[in-house]
Every structure is written in structure tokens, then in C-alpha cells.
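Chemist: Here are the chains, one letter per residue:
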Amino acid sequence: MSEITSQTLTELVKNIKQKKISSEETTKAFIERGDKSKILNSYITEDYSSALSKAKNFDNKPNFDFKLPGIPIAVKDLFCTNGVKTTAGSKILSNFVPTYESTVTQNIWNEGAILLGKLNCDEFAMGSSNETSFFGNVQSPIHKNLVPGGSSGGSASALAANLTPITIGTDTGGSIRQPASFTGTVGLKPTYGSCSRYGIVAFASSLDQAGPMSKDVKDCALLYEIISTYDEKDSTSIDFKRNKYSNELSNDIKGKKIGIPKEYRVDGMPKEIEDLWTKGIEYAKDCGAEIIEISLPHTNYALSAYYIVAPAEASSNLARYDGVKYGFRSKGENLIDMYEKTRSEGFGAEVQRRIMIGTYVLSSGYYDAYYLKAQKVRRLIKNDFDEVYKKVDAILTPSTPSSAFKIGEKTNDPISMYLNDIFTVPVNLAGLPAISIPAGVDAKGYPLGLQIIGKAFDEQNILDIAYAMEEKIAFKNKITDWWIK
Amino acid sequence: MPKDKSEYLISRDNNIYEVVIGLEVHAQVTSNSKLFSSSSTTFGSEPNTQVSLVDAAFPGMLPVINEFCVKQAIKTGIGLKAQINKRSVFDRKNYFYADLPQGYQISQFKYPIVGEGTIILDMPNGQKEVGIERLHLEQDAGKSIHDMDPQNTLVDLNRSGVALMEIVSKPDLRTPDEVSAYIKKLRSIMRYLGTCDGNMQEGSLRADVNVSVRIKGSDKFGTRCEIKNVNSIKFMQMAINYEANRQVDLIEEGKTINQETRLFDTKKNETRSMRSKEDAHDYRYFPDPDLLPLEVTDEFIEKLKIDIPELPDDKKKRFIDKFKLSPYEATILVSDIETSKYFEEVIVNSDVKLATNWITGELFAVLNDKNLEITKSPINAKNLSKLINLIKNGTISGKIAKTIFELMIDGDKDPQKIVEEKGLKQESDPKALEALIDKIINDNREKAIEYKQGKVKLFGFFVGQAMKISGGKANPQLINEILKKKL
Amino acid sequence: MTINLKTIKHISKLSRISVDDKKAKKLEGDLNLIFEFIEKLNELDTDKIEPLTSIAETTLKFRTDEVKSKDIRNQILKNSPEKNEDFFVVPKVVE
Chain A
3 MSEITSQTLT
13 ELVKNIKQKK
23 ISSEETTKAF
33 IERGDKSKIL
43 NSYITEDYSS
53 ALSKAKNFDN
63 KPNFDFKLPG
73 IPIAVKDLFC
83 TNGVKTTAGS
93 KILSNFVPTY
103 ESTVTQNIWN
113 EGAILLGKLN
123 CDEFAMGSSN
133 ETSFFGNVQS
143 PIHKNLVPGG
153 SSGGSASALA
163 ANLTPITIGT
173 DTGGSIRQPA
183 SFTGTVGLKP
193 TYGSCSRYGI
203 VAFASSLDQA
213 GPMSKDVKDC
223 ALLYEIISTY
233 DEKDSTSIDF
243 KRNKYSNELS
253 NDIKGKKIGI
263 PKEYRVDGMP
273 KEIEDLWTKG
283 IEYAKDCGAE
293 IIEISLPHTN
303 YALSAYYIVA
313 PAEASSNLAR
323 YDGVKYGFRS
333 KGENLIDMYE
343 KTRSEGFGAE
353 VQRRIMIGTY
363 VLSSGYYDAY
373 YLKAQKVRRL
383 IKNDFDEVYK
393 KVDAILTPST
403 PSSAFKIGEK
413 TNDPISMYLN
423 DIFTVPVNLA
433 GLPAISIPAG
443 VDAKGYPLGL
453 QIIGKAFDEQ
463 NILDIAYAME
473 EKIAFKNKIT
483 DWWIK
Chain B
95 MPKDKSEYLI
105 SRDNNIYEVV
115 IGLEVHAQVT
125 SNSKLFSSSS
135 TTFGSEPNTQ
145 VSLVDAAFPG
155 MLPVINEFCV
165 KQAIKTGIGL
175 KAQINKRSVF
185 DRKNYFYADL
195 PQGYQISQFK
205 YPIVGEGTII
215 LDMPNGQKEV
225 GIERLHLEQD
235 AGKSIHDMDP
245 QNTLVDLNRS
255 GVALMEIVSK
265 PDLRTPDEVS
275 AYIKKLRSIM
285 RYLGTCDGNM
295 QEGSLRADVN
305 VSVRIKGSDK
315 FGTRCEIKNV
325 NSIKFMQMAI
335 NYEANRQVDL
345 IEEGKTINQE
355 TRLFDTKKNE
365 TRSMRSKEDA
375 HDYRYFPDPD
385 LLPLEVTDEF
395 IEKLKIDIPE
405 LPDDKKKRFI
415 DKFKLSPYEA
425 TILVSDIETS
435 KYFEEVIVNS
445 DVKLATNWIT
455 GELFAVLNDK
465 NLEITKSPIN
475 AKNLSKLINL
485 IKNGTISGKI
495 AKTIFELMID
505 GDKDPQKIVE
515 EKGLKQESDP
525 KALEALIDKI
535 INDNREKAIE
545 YKQGKVKLFG
555 FFVGQAMKIS
565 GGKANPQLIN
575 EILKKKL
Chain C
302 MTINLKTIKH
312 ISKLSRISVD
322 DKKAKKLEGD
332 LNLIFEFIEK
342 LNELDTDKIE
352 PLTSIAETTL
362 KFRTDEVKSK
372 DIRNQILKNS
382 PEKNEDFFVV
392 PKVVE
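As you go down the protein sequences, you meet chains A, B and C in turn. Mapping of the first sequence onto my numbering: residues 3 to 487, in sequence order. Mapping of the second sequence onto my numbering: residues 95 to 581, in sequence order. Mapping of the third sequence onto my numbering: residues 302 to 396, in sequence order.
No lab work stands behind these hints, which were simulated from the structure alone. Any given hint could turn out to be false.
[Said to hold, decoys possible] Selected chain A positions facing chain C (Cβ under 7 Å, derived; list incomplete):
id : residue
1  : 194
2  : 358
3  : 367
4  : 374
5  : 375
Using N, Cα and C, we set each Cβ at its ideal position, and we do this for glycine too.
Whole structure, please, built from the sequences with the hints as guidance.
Modeler: See below:
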């Protein structure tokens with residue numbers, strides 16, 4: 003049996019069920035490794051002592067019918083966890099302790115898992131490098147001073163560094179898939195409406211989705227199965243027939259039609275990304291899939307539409323952070339003064355920037371030209387996908403336009419930062435599912451990912467394709483534990 | 095103020111102005127739970143005890159719509175003879191205030207659930223049709239209490255999230271009396287439907303009043319001002335009066351009227367500008383991404399139509415046609431659902447004409463005097479019905495009935511029992527009455543002769559004597575008949 | 302569409318975030334850069350296109366009119382920045 007913290011989720015579950023290891027041992031192992039890894043700054047809140055006592059309780063009265071029996075898991079600090087501080091990476095919620103649990107995390111605890119702690123993220127999920135968090139930057143376990151990606155940077159970092167066997171993040175424009183790509187891990191953004199948004203700190207309501215981040219595709223399928231449920235408490239939750247995704251996982255994708263969108267071949271695309279994509283196409287062919295050139299004509303407009311819709315919704319969703327009911331409050335001479343000081347001091351620069359953009363595009367005289375226009379472009383983008391899905395079963399693209407960059411490299415250039423999401427954003431706009439799997443490394447040895455986009459509610463299909471390709475690619479994430487002395 | 099209240103005009107030197115009024119009524123929907131959360135809507139509870147995580151806008155909380163509130167809105171639309179929109183959208187109205195926890199109100203902007211309709215007002219000089227522009231559903235805000243703490247404002251979110259129907263009239267109203275009639279009629283319709291209890295003291299019904307003025311005869315609209323949150327009809331009328339004159343004065347002085355939001359100061363009886371709302375005009379409406387569009391089917395609407403009770407206008411027509419009541423009487427009896435229910439219970443087995451007179455006369459006088467709703471009437475419908483029957487079958491006279499009525503107020507007793515206990519049965523035996531009258535005529539021969547000679551007024555004297563001697567129990571009709579015969 | 306300082310001040314008022322002159326200047330620069338980028342959408346003719354307001358192609362699901370939430374005042378007020386047993390407390394509004 004390999005070291006506990008190096009095992010996949012599937013292996014851990016098997017070993018716990020076979021009583022080869024206890025929940026307490028497992029939890030201790032992750033805690034010890036976490037203690038040695040504080041420099042990565044993956045955690046905002048460690049819930050170690052509580053985790054240990056839960057683990058001991060599990061061992062006293064184990065239930066091996068659970069899908070995650072006694073498994074310790076850390077989650078992104080965007081999921082409200084009852085009794086455990088939930089900050090969304092922000093000063094304005096830095097002391098907020100929810101008295102309720104998000105549906106997605108409750109699903110996980112219902113299957114016997116144990117909360118290890120809350121993982122760092124970009125403030126209110128706004129960012130692509132985990133550099134906007136009030137609680138400081140996150141280091142990537144790939145290399146010192148490298149960003150892990152964002153906004154689920156802490157999740158990706160903790161996962162790749164083996165501080166948690168699996169985790170969940172949220173993806174609004176690529177916040178699961180991009181960090182997965184940067185850290186050599188697997189990340190799935192499910193179809194919009196498949197995972198409940200109840201209890202998740204909202205960023206952009208029509209784009210946000212929770213999703214699993216894992217070491218391999220099988221783990222990903224298992225966790226997706228657990229978190230994807232119909233929830234009455236979320237009016238945008240969809241009631242559709244959900245598979246037993248991990249049981250039904252298959253690596254036989256012979257005859258599947260995979261589309262290659264020509265518009266994703268952007269100007270100035272680094273050769274390494276181009277090569278990775280070409281290689282990916284070969285792997286897919288090796289698996290028996292049929293490759294078809296397709297066109298998604300409105301791809302180039304996705305990022306612009308996204309940077310109208312997402313800030314608009316965010317500007318409204320973040321209006322509740324006003325210092326009245328909970329969270330940080332700054333002293334003010336009167337109500338308006340209190341609001342202004344609270345929000346200027348409580349929100350970071352990126353969040354303030356996006357709130358301003360959002361407020362502006364919704365404001366009188368500009369609604370039609372910006373927000374309404376962006377929602378129309380969104381329809382065009384969705385139509386593009388609907389059209390190609392008449393001919394193909396899935397779409398293969400790179401996950402990101404580059405590998406991870408250095409901390410501080412792009413912080414002064416918001417546009418350059420936004421361009422990170424160029425391949426991932428169209429998927430959120432169309433509400434489709436997509437998975438990123440590690441597919442190779444660049445010249446510096448930093449991981450690169452490939453993205454498989456599927457039809458709505460067709461997660462099984464993209465999981466199967468990812469599963470088949472993962473086997474062919476046989477990627478090994480070279481983690482050197484650089485941070486552990 | 096002009097003498098003819100059907101017109102409301104303001105004169106200044108050479109100019110005569112008419113006043114154009116539109117009302118936006120906020121009616122709290124009668125329901126057990128709130129519009130988007132399952133907290134209770136009960137009035138008057140301890141602060142913040144009817145607040146859920148959704149109502150207080152905690153992170154990650156989401157709205158889920160109450161089907162019953164949707165039905166209530168549609169029923170109200172049907173009652174307003176309005177177009178029901180099968181597809182409507184909820185929008186966020188974004189602004190900051192302490193009693194608005196989300197920083198936005200969920201409302202309906204572009205696509206409301208109900209479209210155009212009409213209300214008919216019964217005015218003294220005839221019927222007037224007032225147009226309804228639209229009705230939409232929205233959340234109510236919480237309450238800010240400014241006077242409990244000198245330094246701070248206290249916020250109670252019990253009301254936050256309660257369902258409101260906002261009913262917007264067309265600018266068809268012209269006089270304070272029409273405004274009163276409109277509110278009363280709207281309130282009545284909703285009470286008939288059970289969609290809003292219309293209790294203005296508890297805040298179930300509030301109105302924003304839009305006032306503008308223009309030269310009489312002009313068809314252009316003047317600049318309007320909105321007077322927010324007026325919670326009684328009397329205040330609405332006073333506010334309109336003040337505001338209309340204020341605007342006319344400004345025009346006469348050659349000044350412009352700023353389109354603005356104002357408050358009615360009930361102590362000073364004047365309207366003043368609401369400075370804090372100046373920059374709140376940009377509400378940045380957009381469809382709420384936490385909610386999908388609301389769609390209802392024809393079947394859904396038809397099912398609701400079946401449940402609609404007979405509404406005031408139809409009931410009034412039926413009362414006139416079937417019971418031969420006058421329009422005036424019918425209007426009064428249908429004006430409130432409880433009154434019509436009371437009336438209809440009384441007439442199940444008693445005379446309609448008598449019932450009408452006794453309810454609109456004696457009973458209303460008592461209720462007004464004691465400031466009671468008819469549901470709290472000291473005399474219940476059954477007993478009033480019995481009293482009326484006693485009159486109708488001659489057991490008592492109308493005059494005696496009034497005495498019994500007074501006695502009934504104190505204990506809601508069965509009138510039959512009172513008649514028996516106090517021996518108030520009227521004397522209707524013709525022989526006994528003839529004997530009585532014979533005696534009276536005998537005792538007053540001179541007056542009898544004077545009557546026969548032409549002093550017709552003396553008839554009353556004889557009637558009076560008969561009543562006095564019989565202790566009021568003589569049957570007045572018979573007295574009249576017999577006297578006529580004998581004199 | 303260029304955004305000037307006046308607009309920045311206006312938006313900051315609407316969004317209740319205070320800006321001093323230095324911050325406003327920085328925001329002016331950032332926002333104009335971002336808007337240049339967003340303006341790209343003007344290249345598309347969207348006149349006859351229906352906006353996409355909900356990804357999920359279903360309609361609103363109903364909830365029954367039952368009171369399910371209890372009195373949870375303690376929970377509701379627990380995280381309140383200004384402690385009070387019954388109310389939320391805020392500085393006065395200037396009328």
C-alpha cells in the first residue's frame with residue numbers, strides 16, 4: 003500500500019473499507035502533511051481537531067456502505083459550512099461563521115466524509131491566479147512562486163500537494179478547469195443546474211457551478227455522482243436522470259465523434275499549446291474516436307460577453323455585503339457613510355473593479371448596449387454549440403493558453419489576466435459541462451491540460467472520453483515537495 | 095374647494111387647473127408564507143422572529159416562489175377584468191437601504207404577471223371607469239425604526255420578503271373623492287377574493303400617489319410628483335390637495351416643477367421632498383438570474399376563474415335585478431364582502447326591503463357609533479333576521495322593534511325572548527283596538543269634531559293618543575285604518 | 302465609450318463604494334482598458350436575437366404555501382456586527 007496522502011480517493015475508500023487503514027490514520031496523515039505545507043498557504047481555515055474527533059467517531063462506529071467512509075476532505079472557502087468560518091477569500095467575510103450548510107457539502111458529509119478545512123481562493127471567486135485573496139497568495143506545488151491558477155487556487159494547490167485526497171471548487175469562467183490545468187490535476191465543471199448553488203457564496207448566478215477537483219477521472223466521477231442532486235431550495239436546479247457515473251465509467255469510446263473548433267486556434271497561440279492539442283487529437287484517435295473539424299463562429303466574443311454578464315450579476319449579488327447583518331463593518335457617521343467605508347475597506351481592488359463594471363453596464367442608458375447585448379451574444383454562442391452537437395458528441399480543446407505563470411507577473415495587467423479564461427469561458431456562457439485533464443508539460447516542465455466539452459447533462463460521455471484519454475496519456479504529476487524542508 | 099365635488103378644480107386669476115392623479119397601490123398578499131421564503135407573514139410578532147436565512151440575505155441563500163402568491167395575484171387580475179400574462183419575469187430592483195437585506199428587491203419590471211384592466215367606480219353623478227395599467231408581484235421590505243435609539247436606526251426584517259401586489263392605475267383619477275372611491279373599490283374587490291385583507295392600519299394596503307396639474311382642457315400631462323407611502327384615504331386626499339395647490343402656485347409663479355419623490359408630513363399637512371431618494375432612481379433592473387421565467391398555463395388560469403366568488407359589480411347587479419333594490423342601496427350592501435355576507439344571511443328567510451333598511455339604517459348607525467366592523471356586530475344576522483320577521487308578521491310594530499333593537503345590542507339576545515320577557519307584543523286584535531279608539535274618540539269629542547270639520551292635522555293627535563294609552567303596543571296600521579273609519 | 306472621472310464618481314455612489322481622487326484615477330484607467338475590450342461586441346449584429354436569460358430551459362418550480370421556517374432570531378442576529386438581542390442596529394440615515 004502506498005503512502006496514504008499519495009493515494010487516489012478510490013484507493014483510500016477501498017483501503018478504509020478493507021480496514022487496511024483507519025479514518026483516524028488517514029486524517030492524521032493529511033493533517034501532518036498540511037502542517038508541513040503551510041508555506042503553500044492553501045488553507046484559510048484548518049478544522050483539524052474537529053476532523054480528528056470525527057475520524058475517531060467514525061472508526062468507533064464505521065459505516066462502510068458510505069461512498070466516502072471516514073474520508074477527510076478540504077473544500078473551497080466559498081461553500082458555507084455550518085460552524086466553520088467561511089470567508090470567500092474576503093476581508094468582508096473574514097469573521098463570518100455560517101449556521102447552515104451548503105447542499106453540495108452536505109451531500110459529501112452524508113456519504114461519510116469529514117471536513118479537513120477551508121481552502122484559499124480568489125476573493126469572491128474573482129480571479130485566475132489566487133492573487134486577490136485577502137488571506138494572501140497561494141503557492142503552486144509545481145514550483146516555487148508559481149500561481150496555482152484561480153479562483154479555486156487553494157483547492158488545486160492542496161490537491162496537487164496531497165493535502166487532501168479530493169476537493170470541490172466552483173467554476174464561473176474557468177475557475178476549476180484552469181487551476182486543474184496549471185497543477186496537473188483533473189477538474190470538472192458540470193452542466194449548469196446539475197449541482198445545487200444553495201449555500202455557495204454567489205458570484206455570477208447564471209454561470210456559477212460547483213464541481214469536483216481530483217487526482218484522476220475515476221475519483222472525479224465518484225465525487226460528481228455524490229454532489230450532483232436536484233435541490234428544491236435552488237430554483238435553477240434541474241431535475242434530470244442522473245447516472246451512477248463512477249460505476250458506469252467506461253474507457254470504450256470507439257466511434258465517438260469529437261469536434262475540433264477552428265476558432266480556438268487563436269492568434270499568437272504558443273506552439274506548446276498547439277502541440278499539446280495535436281497530441282491530444284492523436285490520443286483520441288488512438289482510442290477509436292472520430293475527429294471532425296467544426297466551427298464555433300462566435301468564440302472570439304465570449305470573453306467580452308463574459309466580462310459584462312459576470313460583473314453585472316456580481317455587482318448585484320455582492321450588494322448584500324453592506325455591514326448590516328453580518329461580516330465586516332466599518333464605523334460611519336451615517337448609514338451611507340457606513341456602507342461606503344465598509345465596502346471600500348472590506349472588498350479588494352479586483353472585486354471593487356468588477357462591481358463598478360457591473361454597476362455601469364446595468365445603469366440607465368447602458369443596459370441595452372451592454373448587458374442586453376451580452377445576453378444576446380450568449381444566445382449566439384449557445385446556438386453555435388447546439389449546431390455542432392448535431393454532428394459531434396464532444397469537443398476537444400486546450401484548457402488554457404499557457405502553463406502557470408509567476409506570482410505577480412500579471413497582476414498589473416487585468417486584460418492579460420482575463421485572457422487566461424479564453425478557452426473556458428464559452429462553456430459557462432452556454433451552460434455546458436467540461437472537464438480538464440492533465441495532458442503534458444511545457445518546456446519548463448509545468449503541466450498543461452486538455453479540455454473536453456460535452457452536451458448538456460451528458461457528463462457520462464465526457465467522463466468516459468476523459469477516462470479513455472487519461473489512460474493513453476498516462477500523465478504523471480511530478481511533485482517534488484519543494485516546500486517541505 | 096368647489097361646491098360640486100364631482101369636479102375638483104383649482105382657480106387662480108385667469109387660469110383654471112385640473113388635477114391628474116394616478117395611484118400605485120401596494121397590497122400585501124394574504125398568504126401563510128412569504129413570496130420567496132417559507133417564513134410566516136403574521137402581523138405584529140416580536141421583531142426578527144419571522145425571518146429566515148433567505149429573508150436576511152445570508153451568503154448562498156436563494157429564492158423559491160410561493161405558488162399560492164402567484165394564484166392570488168392572478169385572481170386579483172381576474173377581479174380587475176385584466177389580461178393575465180402567461181409568461182412573466184422577475185427582475186431585481188437594485189438599491190441600498192437598511193431594511194433591504196439583499197441590496198435589491200425582487201420585483202417585476204418589463205413583464206408583469208397581470209396587464210391592463212379596469213375598475214368601475216360608483217360616483218354620485220354616475221359610474222366612472224378607471225383604467226388599470228398593470229399588477230405585478232414583488233417583495234416587501236423590512237421596517238426601519240428611527241425613534242427607539244437616538245444614535246441609531248433599528249431594523250426589523252419580519253416584513254422583509256412578504257408578497258406584495260403592486261397595482262398601478264392609469265392617470266384617470268381627477269378628484270379626491272374619486273381617489274377615495276377607487277381605494278375602497280379596489281380594497282373591496284380584493285377582500286371579496288380573499289387576496290388582500292385591505293387593513294390600512296396594519297399596513298396591508300399603502301399607496302403612492304402621483305399628482306400633476308394642467309390647464310383644464312389641455313390634453314398634455316404636466317410634470318408629476320410622487321407622494322410615497324400614504325397609508326390612509328384621508329391623508330391621500332389631504333396630500334393631493336396640498337400638492338396640487340403647491341404645483342399650481344409654482345406654475346403661476348413661472349417656476350418649473352421638479353419631477354421628484356415626496357413624503358406627506360401628517361403633522362404639518364404638507365408634502366416635502368425626500369432628499370435621500372435622489373440618487374436612487376437608477377435601479378438597474380435586470381432579470382433575476384436566480385429565478386427562471388414564470389409560466390402559467392391556460393388550465394391554471396381557468397381553474398382559478400372557477401374559484402372566483404361573485405364580485406361586487408355582479409352582486410350589485412343581481413341585488414338590483416332580483417331583489418329590486420335601488421342602485422344606491424345595492425352599492426352600500428355590496429361595498430364590503432362582510433356586509434354582503436351579513437345581508438345575504440339575513441334575507442335567507444326574511445323580508446328584503448326591511449333587511450335593507452335595518453342594516454343600512456339602524457345597524458350601520460350602531461357600528462359607526464361603536465367603531466366596529468360588521469364582523470364584530472353586537473347583533474348577529476340570525477337575530478336581526480328574527481327581529482325583521484317579528485315586524486313582518488305583525489307581532490311587533492316598527493317602533494317597538496327599535497326598542498327591542500336597543501336591548502339586543504347589549505346582549506345579542508333572541509328578539510323573540512325579549513318580546514316575551516317584556517311583554518312587547520303589539521296589540522293587533524281589531525276588537526280591542528276598536529274599543530280603545532272608541533274610548534279615545536269619546537274622551538276627545540271636541541277634537542273629533544274639529545277634525546271632521548277640516549283640521550286634518552289632528553289625525554296625528556289621535557294616533558298619538560292610541561299609542562300612548564296602549565303603551566306603544568297598538569298596531570299602527572290597524573290604528574290608522576280604524577281611525578279613518580271612525581272619524 | 303470612454304469613462305470619465307464624473308462617471309466613476311457616479312458609479313461609486315450607486316455601488317456604495319467610496320473613491321478618493323487617486324483611486325478614481327486608477328479606476329478610470331482600468332475601466333477604460335476593460336471597456337475597449339468589451340466594445341468588441343459592437344461588431345456583431347444582434348437585432349433579431351433573443352437574449353439568453355436562463356440556461357436551464359425549464360420554468361419556475363413552485364413551493365407550497367406552508368410556514369416551514371421557525372423563529373431563528375438567535376441564528377439570524379448571531380453574526381451581527383452591532384450586538385442587540387432583537388434588532389439589527391445601523392447608524393441613522395440622514396434625511
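Chemist: Compare the structure with each hint and give your call.
Modeler: Hint check:
1. Interface hint status for residue 194(A): upheld, as the beta-carbon distance to the closest one in chain C is roughly 5 Å, under 7 Å.
2. The interface hint given for residue 358(A) is met, as the beta carbon of that residue sits about 5 Å from the closest beta carbon of chain C, less than 7 Å.
3. The beta carbon of residue 367(A) is not positioned within 7 Å of any beta carbon in chain C (closest approach about 11 Å), and the interface hint is therefore violated.
4. Among the interface hints, the one on residue 374(A) holds; its C-beta lies about 6 Å from the nearest C-beta in chain C, closer than the 7 Å criterion.
5. For the restraint placing residue 375(A) at the interface with chain C, the shortest Cβ-Cβ distance is roughly 5 Å, inside the 7 Å limit, so the hint holds.
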